[in-house]
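*Asks:* Chains as they are written, first to last, in my numbering: chain A, 1 to 373; chain B, 1001 to 1578.
Honestly, I wouldn't trust all of these hints.
Facing chain A, from chain B, some residues (calculated, C-beta under 7 Å) [as the list claims (entries may be wrong)]: (1) 1302; (2) 1305; (3) 1306; (4) 1307; (5) 1346.
Lysine-lysine pairs mimicking DSSO-like chemistry, simulated, CA-CA at most 30 Å apart [claimed, not checked]: (6) 52/A x 102/A; (7) 1424/B x 267/A; (8) 267/A x 1471/B; (9) 1138/B x 1157/B; (10) 1305/B x 167/A; (11) 1424/B x 1471/B.
What the hints contain is simulated information worked out from the structure, not anything from laboratory work.
Given the structure is predicted, the values throughout are model-derived calculations rather than measurements.
Glycine included, every Cβ here is placed at the ideal spot set by N, Cα and C.
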Amino acid sequence: MKTYKSALLIAAAGIAFGAASAHAEEGALKNRTIGYVMTNKNVATWQSADGKTECPNGLSDGPREQFKALYPDDGTKRTFVDTQLEREGQIWNPTTEPESPKLVFHEATGNTAIGLNLDGKVGPKDFTSPDGEKGIDNQLYRVVGCVNSYRGPDGSYRHFVEEYMQKFNYNRTLIELTDVDSLANDPDVTVTLYRGKDPLTLDATGAFTSGGTQRVDMRWGKEFIYKLKGKIVDGVLTTTPADVTYPESQARGVPMEYVHDWRVRLKLSEEGASGLMGGYIDIDRFYNSLGQNWSTHHRSYGMEAMASEYRSLRRNADAYPDKDGHNTAISGAWEVRFSQAFIMHPDATVASSDAPNKTLAKDTPAKTTDIAR
Amino acid sequence: MRAFGKRNLRSARPVSLAVALLSATALAACSGSATNSVSADKAPTAKVSSVQEPAGTGSTKRLRILTEAQYLNTIGYVFGPDVRPEPHFPPAQRTDGLLALGSSKAGVTNTSLELYQKAAVTVSNMVVDPAHRNFLIKCKPVDEKKADPACAASFIKEKGRLLYRRPLTADELSKITAEANKAADRLNDFYAGLGVALEALLVSPNAVFVTESSEPDPTHPGRERLDAFSLATRLSLFLWNAAPDDDVLKAAESGEIQTPKGRAKVVATMLASKRLETGVRAFFDDMFGFDDFNSLAKDSVAYPKFTGQMAADAREETLRTVVDQLVVKKGDYRDLFTTHSTFISPAVAQLYGLPARPGWQAYEFPADVPRAGILTQVSFLTVHSHPGRTSPTLRGKALREILLCQRVPPPPPNVDFSAVEDPKSPFKTARGRLTFHQKNPACAGCHKIMDPMGLALENFDGIGRYRTNEKGEEIDASGALDGKQFKNVAELGRVLHDHPSLPQCLVRRAYTYGSGGPGSADDKPTLDYFDAKFAESGYKVPELMRAIALSNAFSLVTPPPAPVTNTAEGEATTTVSK
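Whenever a hint applies, use it, and build me the whole structure from the sequences.
*Replies:* Rendered as structure tokens:
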């Protein structure tokens, strides 16, 4: 395994001197390096054919429905402060106290979910994946599985996340694989995360496509750089767990997600990569990002009642307890897709001198605690 | 011109009448006689050359319409780059390999004149608007709500000279100024009145048409030469693709441009100007037929990666390569077909499998990468392919016609394309399909001329991406060009580099482009002379342009050749045989 500095030097040299063989234009794996840029990211949400397996009581109410339940149009005179502002305040000051029984919020039921086995165990709360893998840790699915926004094919966030992925560069997430002998099998590769700063590349049909270039954001993106270890088995990349912060903005604010034991499982090709990323999501950051990212307008269309959701997040939290024993993180996963992209470093000198001496890979799974629901 | 006064009621009719009158005058004046001559490059300061221009050279006086690019370049130089209408003038008909030559045969309708008028309105409105008037109009009226004859005359005289490419006559200045004043008083706005006058200048046939006129040449008794302003305009359109600037017009006004030394100085200055890059770009964009990019479409099922941005950038890549190689580096024209130097943008870099930062950057393909010369750039490969597949035939035809000035006859009307178009063809490669197709004797003759060079480019698909095989079968890119064998596209580039017709073709195109119309069989001695000058210079294009610009062939007038009707395409052309 080469050092981080030498990997950057090789990458920079590859860019500076271009292809080295007559077939250099063939294939995206050059100089034992390949880069990918994220193009799609959706909370992993398994859905049965009719939705009744996971949501037998239907979908959760959203802000509009909850508002109507709390403040029916029955002739009562109400003030702005006691209605709209009251609800807004509850969103930004969430609590685990029981809420009004008038409000409808359904958690997903059943044993099937998409995700990763984060702790290497098969616990009583764990799911089984649609293809039969046991021990799936995805308690976030319990929380959002019956929230319209997250469900396909037309969930509000599924539409907007993809649109904003294309429109804005803030979330530009890059994965660079170095020291790669083969995209089919390599027991030891280096996986470096960056934030990019260029638009995504589209083809003539408007679809994301490979072959674009992403410059590494070394100005404001240093905090999102992580060097991890990984391995490729039968074309599938897995990475060792690490605590990772990545940008998570949907058109407004500058929020981010903080994920313990973050890792990916991606099917690789020279055109792109797809699969899952997951970990234990810090609940406070998740909730804050949710509020910053989405307006009541978006949440209303997606029927996402944040204050109700907060209670559910806390109820289903399953890792990283605080000093009082309350879990602060919840297992979760995202379905992700990447397009191959050339990752361009500022230059060898700058890249090596600016590279963070940050290696957060962990050799042991996180200590987790299942709590009663 | 009766087009002043009520701006909204103005029609194109008076303009077109004026155009017709002016055209008739100009065409009637297109005559002259041949005599011995001394070319301008024999000026005292010119380098001694062993190559001498033959006696009797000359070219025909032309009446041509400004192309859209010439119009826009001129407007940009006169009023600044942000004064830029989007006129969409009708394109000229490609003639003798060049669109520019079609501008000397352009028909003008009232509808197309309306486009010029709309452009004139846009320009005049911008020039007199509050954001531009303070620096584009040097004088200030005494009262903005009234006419100011002195200020109006000053502006009209200055800009009219640049737009007409000659000073306005006293009568023209007086009439246009009077209309500006009348409009200003009627509209209670000096600048609105000035805008009316400017619009009239812009839409005038004197601005839109280039009408060359001649005068007796005192140094060549019995012969006519272009008058000073016609010569200034011909030089400027040739070298800059724009109207002459103030300095060139001054040289015309003083008569300096008609002396060998003065003309050499003017040409040297123009060749040293940054505007030369614009002129060279325009010439090669025309010669390479890049107007085809305006209608280029690729099948998004076959080539989903190919976008409109890639098409635009592919064109730009080649033009940047041309300017860099020929103008900036002053390199050998023939090296364009072997060079590994290019420029890449993020869009074209995708097709080359390269990273690229935003904007344009110089790039050098490694020596062992099969990209050498502009034939292997995306532009040539893409334009000369079908929407959904390559076409060795189209590529070979383009190479013959565009780069070697050879003529490939059109296919017979009843040709059977099934062998090359059948998606279930048993032949995996284009070579196999075309070999089968050539079993038809009616097709074989022409395909043998075109296909070998096109097949050498089969390592690049229909959007210019490199490939080693087609449907799993390795591509054989070997062939021969006029008796010279090559194994691959790099060797084809070298064979082309050394092909005698390559520089000769450029000479022919450059001379006809510069002189503004198709050549004739009588041009052979002239072209031989330029061939020799081009070779003597080391095939440096600016030197070829200098030789043409300083030649008697460029400035002395000969009678127009009798038109010969071309049977194949209905063009009225004469053929230059070399």
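*Asks:* In ascending order, which of the hints set out earlier in this document are inconsistent with the structure?
*Replies:* 1 and 7
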